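Participant: Model the placement of chain V on the given structure of chain R, informed by the hints.
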Amino acid sequence: MPERYVMSIDQGTNSTRCIVFDQRGRMVTVAQREHRQHFPRPGWVEHDALEIWQNLKRIVPEALSAAGLDTGRIAAVGIANQRETTVLWDRRTGIPVARAVVWQDTRTAPLVEELRRGPGEDVLRDRCGLPPSTYFAAPKIRWLLDHVKGLEQRARNGDILFGTVETWLVWNLTGGPDGGLHLTDATNAARTMLMDIRTLTWDDGLLDLFGVPRAILPEIRSSAEIYGEAGAPLTGVPLAAALGDQQAALFGQTCFSPGDAKCTYGTGGFLLLNTGTEAVRSRHGLLTTVAYRIGDAPPAYALEGSIAVTGALVQWFRDRLGLIGSAAEIETLARTVDDNGGCYIVPAFSGLFAPRWRDDARGVVVGLTSYITAGHLARAVLEATGWQTREVVDAMNADAAVALGELKVDGGMTSDNLLMQFVADVLDVPVVRPMVAETVSLGAAYAAGLAAGYWPDLEVLRHNWHRAAQWLPDMDPDDRAWEYENWQRAVERSLDWVRPPRKRKRGSGG
Amino acid sequence: MAGPVQSIERAAAVLRLLAVGRRRLGLGEVAASLGLAKGTAHGILRTLQHVDFVEQDAATGKYRLGAALLHLGTSYLDGNELRSRSLNWADALAARSGEAVRLGTPLERGVLVVHHVFRPDDTFQTLDVGALLPLHASSLGKVLLAYGAAPPDPDRDADGPAAYTRHTLVTPDALARALAEIRELGWGAEIQEMSMGEAGIAAPIRGHGGLVVGAVGVSGAVERICDARGHPRPSLVTLVREAARAISRDLGAARW
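Line order of the protein sequences matches chains R and V.
Here this note's numbering is used: position 164 in the first sequence is 164, and no number is missing along the way.
Here this note's numbering is used: position 65 in the second sequence is 65, and no number is missing along the way.
Treat the hints as calculated values from the structure; they're not laboratory data.
Please note that a few of the clues may not be correct.
[As the list claims (entries may be wrong)] A short, non-exhaustive set of chain V residues, derived as facing chain R with CB atoms under 8 angstroms:
(1) G3
(2) I8
(3) R10
(4) D78
(5) E81
(6) D91
(7) F118
(8) L127
(9) A131
These numbers were taken from a predicted model, which means no experiment stands behind them.
Positions of the beta carbon are idealized from the N, C-alpha and C atoms, including for glycine.
The shape of chain R in the complex, shown without the other chains (with noise of 0.2 angstroms):
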């Protein structure tokens, strides 16, 4: 019998993905393609859901040819997404009623303080696993339900269908319009502020709270397990898998097993811990978030600690402040200099994620005398990113029972070495690249091979991940705990900055 193989659909914030792996978890064919980012208004930033569909009716047939395969050689799809980004669409025509909503956009803000002074945050976090946040799926769906004209009617009337773009591809893979399946997942719907973060059901006091209509909800399923069989241009494959982008990573790098973490580095930084079956209630300024759930078995919980901007640091040197010419660059620059020099960035540039949550802050450099060159300015730039880490992995240790003991990690930025080795300085702990650095990808494969039959069980898995490097902690310690002192004062420095706008004379409009 010819061998057989998994595809995975990354559909991520800038692109989509088609990726074909082996047997073993290698990579066999990848194609991809980008989509526009629409930014209509300060802080707005929209994408077009048919044209995300169009994309990847080109791109499953182009990484099937290139691999010189049919679709009958391929056991399962599963797919993995950008999370929160919300689609709302005609049941009958499959037209979305406006531009996909994007996980980044802060359009929805004065909801968001409205929850912070009302239910507040201790009662969503108990319930949903979630502090109030522009960043999840339910105030989206609120902002449109209050401005595209007629919705709320027609959403009440049954006619409107909303979906995370996992939920959003899955109906068009099965039919669309003509007989669609509309399911979610646990790990997406753990996003939208919408669901009980314990049963994994929709919780009706949430539904109240923000004014969502039920009829409009997908079904919540797992992560993994056949959906249903797929039509063109997959015909006949089964649709076996579907998680967020980041628990699709926690999967890829296989941590299966409570106390595995991992941070991709990416735009953001996205650091995940396995807490098991208990989904622990964060006091440190982390998410409650459902990791996976494979079939019928109890799901596995994460805590989650997510950076805003990582990544978008160096890309802001590059293409804002011209310092550099790639990204690549930076670490040439930076090990110009043995050191910052005294220097920090903090990149608040939209506020402070995790553990900090603070929107009222914004980015600061600090320590600058003459002394100070480009080359300071780029380590103070990698640097961020490490100390960033070190206070999620701070805020972990102190809600999870275990030390975090090695931290596995995947993204662009891990072919920076000098930022990997300060990683490890800062964590003190080995941090660890594993051989496929898709690991978004490799984890949506993972979770469709599995509930397929075509890998049996998650042992199986763990063998097939390799290390491919390691960095181990050489710093002082004296040194080590003087620069985060330092870091957490510059921190303290980027606080407070944002005020309340000015009193115009004209409204906003809007």
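Facilitator: Here is chain V on its own, set in the frame of chain R:
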């Protein structure tokens, strides 16, 4: 012998023009100054921009000499850049070959290891990024020598090139023969030439215009790298060459 290539003459004229007083010139000015059609001038400027000899100001659209021209003699590809572009391919090579992978670029009469992927058996291994390997006794180094990416005389010490083992190529003749063979085959090997029991296979990484900017290879125990007759295993050679070609293709593409 063929006559001068017109487009290269014109490109040289464009560079000379931009070098006068280190000016920034618009497309129209370049075309008019040299008596070229705008389309022709544009094609030349775009090509020169592609190889970083010319830069275009984002705001004004005007052209000036590129920074790369000032560093013609030094390695033009940043080692960290090379690592970041080759990450996926180097991982795939390690996963498929089961051996450790290294990428090297020439540096001061040696090979600088710019990337290292562990052998995928989860034994304890240490990253040796930043280490310097000998040109004449490593597979990476021999490939760089063969393609002119490193200076041909590897060691000017009075004693000649260091003999690490009895297999090290120390005479100029032996080395020259080996390098000629590498150029003919498109890949090179080192069998117990740096340390007994170890071997390596490497292939060239090419940048714009085919210039060799580095080498990628696998290395490990000689019985795994070589077959029973002591020759490099053809399957490994194929994997190394495929990885080198894939990285080269990525380097030739537009900068991100």
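Participant: Confirm or reject each hint.
Facilitator: Hint-by-hint comparison with the structure:
1. G3: 37 angstroms, violated
2. I8: This hint is violated: I8 of chain V lies away from chain R, its Cβ roughly 26 angstroms from the closest one there, beyond 8 angstroms.
3. R10: 27 angstroms, violated
4. D78: OK, holds: D78 of chain V within 8 angstroms of chain R, min 5 angstroms.
5. E81: 4 angstroms, holds
6. D91: 5 angstroms, holds
7. F118: 5 angstroms, holds
8. L127: 6 angstroms, holds
9. A131: It is violated, given that the least Cβ distance between A131 of chain V and chain R is near 12 angstroms, above 8 angstroms.
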